[in-house]
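Peer 1: Spelled out, the chains give:
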Amino acid sequence: MNLERLNAVLDQVTRVRGIRGAMLVSADDGLSVAEALMEGIRGHALAALAASLTARLGRAAEASGAGEQRFIHVAAEHGALLLLPLRDGLLLVVIADREVNVGLTRLEMQRAGDALR
Amino acid sequence: MSARVVEPWLLAPLEAFVRESGARLTLIMTPAGQVLAQHGFTRAVEVMAAAALGAGIAASTGEIVRMLEEPEFRMLNHQSTRHGVFLGRFVAPRGPLLALVVYGADTSIGLVQLFFEDLVRDLAAATPPPAPRAPVLSADFERDLNENLATLFR
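Going down the list, the protein sequences come from chains A and B.
With the first letter of the first sequence counted as 1, position 6 gets the number 6 in my numbering; the numbers rise by one all the way through.
With the first letter of the second sequence counted as 1, position 25 gets the number 25 in my numbering; the numbers rise by one all the way through.
Chain B extracted, bound-state conformation:
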């Protein structure tokens, strides 16, 4: 199953992470739930639901962390019988991002965490310099959104 990315520079770090960690499903998204890259999902509705839920979990946990006056939310892990779910937050050159990872019994949370660190580093290294800002038009926004969705589920 191949990875889908909104921007090409995301592909190599994502593929390396999936290959090394043995993750079954991976989403890279903004804290608002906008998907930048995915691996393993076959249906758009699954991606949208997972992104929304992941962003919600990160937001609510982040709020609890803030109430406790602790540093910002970093990661969560849920271990089920057959699957584990890992949610990690990191700061990329373009801003904070979330990674939602579903893994099976053929790997471990230790490996997922280890290669998540590599993913963060690889994404930082691969991020291109920011492009000059152009005025944001509603027509451009809709076109970009549609193009991104088409790319992710092509």
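Excised from the complex, chain A in its bound form:
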């Protein structure tokens, strides 16, 4: 899959109202693979910290017996961070406003994940 295709998939995700940006991250490296972010979002910082958070929560989920993690939703004061681990070591990261429709966003993220297979 080339970068143009990855960017097209991210563009599709960012069409949901309230989404400020989306990026594909290499989960092991914490490096951005492709991104469609609004100005002011530090992509490389987000990539590194989101990958680290996903790895740590994954270990917590396993340790608690909850099994493999499927989706992470961080609700914060001014917005939300949504993380979807994909196959091939990729992580789909979405930044959204606080009022975003999380269900619809999650659906679009899963569609994006399917499109990347």
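Just so you know, the hints here were simulated from the structure itself, not pulled from any lab data.
Being a predicted model, the structure only gives us computed values, none of them experimental.
C-beta: ideal position from N, C-alpha, C; glycine also.
Some hints here could point you the wrong way.
Stated by the list, open to error - Label pairs and their in silico Cβ distance ranges: (1) Glu7(B) - Asp114(A): 38 to 44 Å; (2) Glu15(B) - Ala66(A): 30 to 36 Å; (3) Glu15(B) - Asp114(A): 43 to 49 Å; (4) Ala115(A) - Ala32(B): 50 to 56 Å; (5) Val102(A) - Arg121(B): 31 to 37 Å; (6) Leu57(A) - Arg121(B): 27 to 33 Å; (7) Met67(B) - Leu104(A): 49 to 55 Å.
Using the hints, position chain B against chain A.
Peer 2: Chain B alone, transformed into the frame defined by chain A:
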């Protein structure tokens, strides 16, 4: 394992970097390989070898970059099975410096790069104003060198 520094102002930025990035070994040195601070090394010979090799890598890569007529060498990353090695060059208030970082699978190159940026900023903020220059005497140089080595491996 505690950090060792030649000058006290280096300690807080180094400790913050190690804590945040999860680095296992860290060296801050001049491009000539003179060590200013280290974390994680237990033997002097390891520090000296790592500093010499890091400085050599930076110098040779910098030369390739110069031949390509590109801006100066900034960073390199090597990813192994269990460890990664990051080498970054930055310009501090007192001149260019190198950071050599060895990290494990419990962190990532993304985090190391991210907190390396913070390290550069923190070191710039912590650097004290330059002291008035005194005449350099060979006896002073040897004494300072010995004191620095003793500090790093105390």
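Peer 1: Need the list of violated hint numbers for this structure, in ascending order.
Peer 2: 1
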